[in-house]
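Generate the whole structure from the sequences, applying the supplied hints.
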Amino acid sequence: MSGSGDKTSNTKTPADFLKSIRGRPVVVKLNSGVDYRGILACLDGYMNIAMEQTEEYVNGQLKNKYGDAFIRGNNVLYISTSKGTSAEGA
Amino acid sequence: MHEFPTDKAKGLSSTTTQLSNSANSMPPGGFSQLPLITCHSCVETLSRRNLIRRIEEHEAKKKVIMGSEEESAVKEPLDLIRLSLDERIYVKLRHDRELRGKLHAYDQHLNMILGDVEEIITTVEIDDETYEEIVRTTKRTVPFLFVRGDGVILVSPPLRTA
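Protein sequence lines correspond, in order, to chains A and B.
Under full-length UniProt numbering, the residue at position 45 of the first sequence is numbered 45, and the numbers go up by one with no gaps.
Under full-length UniProt numbering, the residue at position 32 of the second sequence is numbered 32, and the numbers go up by one with no gaps.
Derived from the structure by calculation, the hints contain no laboratory data.
Watch out, some of these pointers could steer you wrong.
Restricting the straight-line Cα-Cα distance to at most 30 Å, the calculated cross-link-like pairs of lysine-lysine (DSBU-like) are [as the list claims (entries may be wrong)]:
#1 LYS63(A) to LYS83(A)
#2 LYS62(B) to LYS63(A)
#3 LYS83(A) to LYS139(B)
#4 LYS19(A) to LYS139(B)
#5 LYS29(A) to LYS102(B)
#6 LYS29(A) to LYS19(A)
#7 LYS102(B) to LYS63(A)
#8 LYS19(A) to LYS62(B)
#9 LYS29(A) to LYS61(B)
#10 LYS75(B) to LYS83(A)
#11 LYS29(A) to LYS83(A)
#12 LYS29(A) to LYS139(B)
#13 LYS139(B) to LYS63(A)
Which residues of chain A face chain B? A few of them, derived with a C-beta cut under 7 Å, are [what the hints assert, rightly or not]:
#14 LYS29
#15 CYS42
#16 ASP44
#17 ALA50
#18 TYR57
#19 GLN61
#20 GLY67
#21 ASP68
#22 ALA69
#23 ILE71
#24 ARG72
#25 ASN75
Far from chain A by the CB rule (all over 10 Å, computed), these chain B residues [unchecked claim]:
#26 SER47
#27 ASN50
#28 ILE52
#29 GLU59
#30 ASP86
#31 ARG97
#32 ASP116
#33 ILE120
#34 ASP127
#35 TYR131
#36 VAL142
#37 PRO143
#38 SER156
#39 PRO157
All residues carry an ideal CB built from backbone N, CA and C; glycine is no exception.
Written out as structure tokens, the structure is:
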């Protein structure tokens, strides 16, 4: 109908998006307002997330997590791709 | 010996006559009834076989498509938590709580069984006058702990840099 979406005759666009962003640097914002930036290792339909080289931002940078970080999906507000992760934000 | 053959002959003849009779009694299209029956079952098996073959082809295609992605997309975050079993982990909970302990068990809700756990509760008091943040941490150790999954925010190997 509307050609705004990129539906190329394959169904389930959200699932396709979830598959396509693996391995990319992402920004994950939680309901509590905490920000996590890292490289998305994998995620599932509940939005449970496994990330690598994760950095936690609460107003400023608080903690560095190296290795895997697993985030429970119910806490996730959004998952967004970002061009540069370790680059200095604001 | 010769008695029986006659009987047998009679019997045979009778059977042959029966056969001939039955052959005669069957309509010309009678023999076509037999092929129809087998054809019906053949058609049935053929269609089922075709259906199964199509399903297999479809699934093979799916596997090729998904295999090009990443090993048929089975790696869930929970699968990677499984690698941390019997390892010490760091768990961030709601209400500013943190746990460090040995992961004995977990499930899809992130309910966890932890051993030799140290819990850290962080409280921040802000002085109204000086706006000074007083960060207090309360620690306690629990030898064996069941954590309800809905309070879990984050699970990770122990922090190297804090």
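Are all C-beta atoms of chain A more than 10 Å from that of PRO157(B)?
violated (5 Å)
Would the hint on ALA69(A) be counted as holding, given a Cβ-Cβ threshold of 7 Å to chain B?
At about 5 Å, which falls below the 7 Å cut-off, the nearest Cβ of chain B leaves the hint on ALA69(A) intact, so it holds.
Taking C-beta pairs only, is ASP86(B) more than 10 Å away from all of chain A?
Holds, since 16 Å exceeds 10 Å.
CA of LYS102(B) to CA of LYS63(A), is that 30 Å or under?
Holds - the C-alpha atoms of LYS63(A) and LYS102(B) are around 21 Å apart, at most 30 Å.
A cut-off of 10 Å on Cβ-Cβ distance, and ARG97(B) was said to be off the interface with chain A. Does that hold?
holds (13 Å)
Taking 7 Å as the limit, does the beta-carbon of LYS29(A) come near enough to a beta-carbon in chain B?
violated (13 Å)
Pairwise hint evaluation, LYS83(A) against LYS75(B), where the allowed Cα distance is 30 Å at most:
Roughly 24 Å between the alpha carbons, so the hint for LYS75(B) and LYS83(A) holds.
Cut-off 7 Å, beta-carbon criterion: hint that ASP68(A) touches chain B:
holds (6 Å)
Just checking, SER47(B) versus chain A, shortest CB gap more than 10 Å?
Per Cβ check, SER47(B) is outside 10 Å of chain A; nearest 27 Å; holds.
Please check whether the beta-carbon of ASP116(B) is more than 10 Å away from every beta-carbon in chain A.
Non-interface label stands for ASP116(B): nearest chain A Cβ at 20 Å, farther than 10 Å.
Closest CB-CB distance from SER156(B) to chain A, is it above 10 Å?
violated (5 Å)
What's the verdict on LYS139(B) and LYS63(A), does the C-alpha distance respect the 30 Å limit or exceed it?
Given pair LYS139(B), LYS63(A) holds - Cα atoms ~19 Å apart, limit 30 Å.
Checked against the numbered hints given earlier, the structure breaks hints 2, 3, 4, 9, 14, 18, 19, 38, 39 and satisfies all the rest.
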